[in-house]
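Quick mapping for you: the protein sequence lines, in order, are chains A and B.
Counting from 241, one number per residue, gives the positions in the first sequence under the numbering used here.
Counting from 96, one number per residue, gives the positions in the second sequence under the numbering used here.
Quick caveat, the hints were computed from the structure, so don't treat them as lab data.
Treat the hints with caution; some may be incorrect.
To be verified - Derived SDA-like pairs: lysine to any residue, alpha-carbon spacing no greater than 25 Å straight-line: (1) A:K707 <-> B:S188; (2) B:K322 <-> A:I751; (3) B:K98 <-> A:K268; (4) A:K707 <-> B:V167; (5) A:K268 <-> A:G408; (6) B:K322 <-> B:T294; (7) B:K322 <-> A:L512; (8) B:K98 <-> A:T376; (9) A:K707 <-> B:R271; (10) B:K173 <-> A:Q629; (11) B:K322 <-> A:G408; (12) A:K504 <-> B:K98; (13) B:K322 <-> B:W123.
Single-letter residue listing:
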Amino acid sequence: MSAVHPTVGLSDHGHGHAGHHEIGFVGKYIFSKDHKVIGIQFLITTLLMLMVGGALALGVRFQLAWPWRAMPLVSQLTGGLFAAEGGQISPEFYTMLFTMHASVMIFLVIIPILAGAFGNFLIPLMIGADDMAFPTLNMLSYWFMWPAIACFGMSFTVNGLNAAPANGWTAYPVLSAVVQAAPGAGDAQTWWLFGLTLVGVSSMMGSVNYMTTIINMRAPGMTLFRMPLTIWSMFITAILQAFALPVLTAAGFMLVAERTLGFKFFVPGNLLINDAPATVGGGQPLLWQHLFWFYSHPAVYIMLLPAMGMVSDMLAAQVRKPIFGYKPMVYSMAAIAGLGFIVWGHHMFTSGMNPALGMTFMISTMMIALPSAVKVFNWIGTIWGGKVQFNTVTLNCVAFVSMFIVGGLSGIFMAAVPVDIYFHDTYFIVAHFHYVLFGATLFGCFGAIQFWYPKMFGRMMSERLGKLHFLLSFIGFNGTFFPMHLLGIAGFPRRYADPYIHPYMEHLMPINRFITLCAILMGIAQFILLFNFAFSFFAGKKAGRNPWNANGLEWSAPSPPGHGNFDVPPVCYRGPYEYSSPLSEGTDFLMQTDPLRHTGGVGNAGDGHH
Amino acid sequence: MNKFWPFFFMFWPFVAVVLFFIAPSMGWWFPSEAFSPLGVQIDNLFYLILVIVSVTFVGTHIGLGYALWKGVDNKAEKGWFSHGSHSLEVLWSIAPAGILMFISLYQLDVWRTYRVKSAYPKDLYGVAEVTARQFEWRIRYPAPGKKLQPTPQPDDLYTVNDLHVPVNQPVLIRLRSMDVQHSFFVPALRVKQDAVPGTVIPVWFEASKEGGFDLTCAELCGWGHYKMRGRVFAERKTEFEKYLNTLKAEQGFDGVNKPSESGAEIAKTE
């Protein structure tokens, strides 16, 4: 581990053991142990899964706009595959569509694109290490994704081609525990649970690796409070993951045992479900909800914190200013993570749990809005007085902040328990979490792809295509999800195959058609991203080491970095946000590795406001 | 042209605010005003939060837009070299904390009245037991003049999907599920409560207007989740009693003897 020695200068030390033996094609690009290759593998996989999840969402949107009409294209192309007679979406298939949309997007896109793709690629580069602490474990964490994808795929096929889990991504028992309750689901639900477990194994291997790497392998001089916020966010996320995930895995095994071995954890006795014999045993359905949300609420922050960190880094570089309030940013992320463990009950306000619990969960939920607000103010403070350059990265970062404000504020309605009585399980919730997960996280990721692409492949992505992609995605996104707030206020429930049979929702079909058209626009826009990603690989402008004039250690490595990352083992002299520093003459940035201008005064990023 | 993007990021919140202003007149708003005292309180709370949230939304976006607007033609050689401000951090931690704490405490009372047994209205009338199943609502009333019992009685009256309750009277239902989870949702009354298998959950509400209100299921319960359509009818006490008596006459008719009491009209039509 060369990076541990404070070696300055051009010694050969940095190459370490790497580069002295040839690695074959398979070892280099397929079963690679290089964190950069694994990160890129994760990125490409998740982008493909993004398209799958998006297609499933369009199926849902089509049904809500034109109920019971044959799906265009799909019905002709597949001859009724994945749909009922004549290419319609049957109500059963509808439940499968939204279940799999959520499952794919959460477990195969959002979680792996943040931790898997960017976490892998950025952590060693940003802390100045030559690789992850456990390269083999890292490789396995990627290759465990494929069995998971296969299991999710199997769940589409085991009971004929029209079956899939139909119980929502939350898989609440009794519906998910008794096969007869959702006949289409059958074995598919069991496959889904296996898939979930495998994603968990993958994430766990990643998070152990990230924690170890960040604690042990930082370059000399890279103190904790000189770490970029991306690294802080990945570190905090890894801790969250490691503590929350075992609960979900345990719950998953309990549900599998219940479905296949006849255990009774979640199903109470004397239920008459469809044509099944009356149930026996004394399970408790709320147990699942507690276990599930004990993981899945922290998971919401697992799906958000890394994007917050990356946006902080990108924004500072694009507005040429130090991040405003570095330490408050770190502490608020830690606060979000800490509070994130004690707010899971706000998913269960109407579940019939003890009302006193509802009150406590409400107060902790309200309080988690506080660190989120602090972060928003700090981002605005970062932009304030900066020199703003509107490239694709900036646009996506500003969209992140703007969308996160909406998603955060709409959360306050649901955090208020009495208001949640009305809003629970309506489209208001759907609007809220899409603003956070798509509006914030995915726009953050779009920016991050553009920003770190030159480091990944040595070429810039096209700005023109990037801006077009941003514009169409932003318009499509807001056109899709903003009106959903209004649907929620109108009492439009989630997961309805045909809401219009209820008189009070009849008049909402036109607005749903508008939403669907916007969703189609947003879907089409993602092809621009894929095209830009592939096209720039061959035709992008060549990038030097530091195309953004940014400060982080990763920009001192070659683009793309070779095996072992750094040609000169980096030494860190200061925090990562010394943009526009008076100490730098002629430039407006001061790299963390820059020893020449090193003086004692501006050592830590957070020192400014003392 | 270089002001296009700052304008863009200020324009969309403007559209959003306008949309919220025109939404009620377009029918994209609550299905009706709240026809229950608790519902009115919930709506008031909603509007209070809406005001706070809108001010914050507009304020932060003006700040963001202004920073972008000024930043894009910042002629200075370098950006403002600032690592933050301790007093600003303190200010914008304490101010939201105060507002959030206020919302938290302010709403507790409504929640307490809705869910905490000791705070229920004193004159609560146990109207029926509602049992959800795939995909309908089964309703069990006690016989006229009798009290609702936890276990089914021989003279109980049954209907499906139609729940009748007296108006202006806090009523209690015992909510159960026969199979999977469901959720009892009456949008016009702003009432929602999950039906959990294996548990009986008391739910109380008070309709303050006569009429029929849609009853829907708000927790995924299988392929037919969308079609669990029921109705809640709030009617004057006399009409409600008449309804129970009619039910009794129908369901108590043994096919031979003339039904007794007020079921006379039914007998005529048969």
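- [ ] Assess, step by step, whether the Cα of K98 (chain B) is no farther than 25 Å from the Cα of K268 (chain A), and give holds or violated.
- [x] The given pair, whose Cα atoms are some 46 Å apart, is violated under the 25 Å limit.
TODO: For the pair we were handed, K322 (chain B) and W123 (chain B), check the Cα-Cα distance against 25 Å.
DONE: The given pair, whose Cα atoms are some 22 Å apart, holds under the 25 Å limit.
Open item on the list: With the threshold set at 25 Å, check whether the alpha-carbon distance from K322 (chain B) to I751 (chain A) stays at or below it.
Closed with: holds, 21 Å
- [ ] Take a quick look at whether K322 (chain B) and T294 (chain B) sit within 25 Å of each other, Cα to Cα.
- [x] Holds - the C-alpha atoms of T294 (chain B) and K322 (chain B) are around 24 Å apart, at most 25 Å.
- [ ] Given the hint that K707 (chain A) pairs with S188 (chain B), test it: the Cα-Cα distance must not exceed 25 Å.
- [x] At roughly 35 Å apart (the allowed maximum being 25 Å), S188 (chain B) and K707 (chain A) break the hint.
- [ ] For the pair supplied as a hint, K173 (chain B) and Q629 (chain A), confirm whether the alpha-carbon distance does not exceed 25 Å.
- [x] holds, 13 Å
Task: Restraint status (C-alpha distance of K707 (chain A) to R271 (chain B) at most 25 Å) - done: violated, 54 Å
Task: K322 (chain B) paired with L512 (chain A) [C-alpha distance capped at 25 Å] - done: holds, 19 Å
- [ ] Verify the proposed pairing of K322 (chain B) with G408 (chain A), using a straight-line Cα cut of 25 Å.
- [x] Given pair K322 (chain B), G408 (chain A) holds - Cα atoms ~17 Å apart, limit 25 Å.
- [ ] With a cut-off of 25 Å on the C-alpha distance, tell me whether K268 (chain A) and G408 (chain A) pass.
- [x] violated, 39 Å
- [ ] Below or equal to 25 Å on CA atoms is what counts here, so check K707 (chain A) against V167 (chain B).
- [x] holds, 17 Å
TODO: Quickly compare the C-alpha distance for K504 (chain A) and K98 (chain B) to 25 Å and report which way the hint goes.
DONE: violated, 63 Å
Figure legend: structure checked against the earlier numbered hints; hints not met, in rising order: 1, 3, 5, 8, 9, 12.
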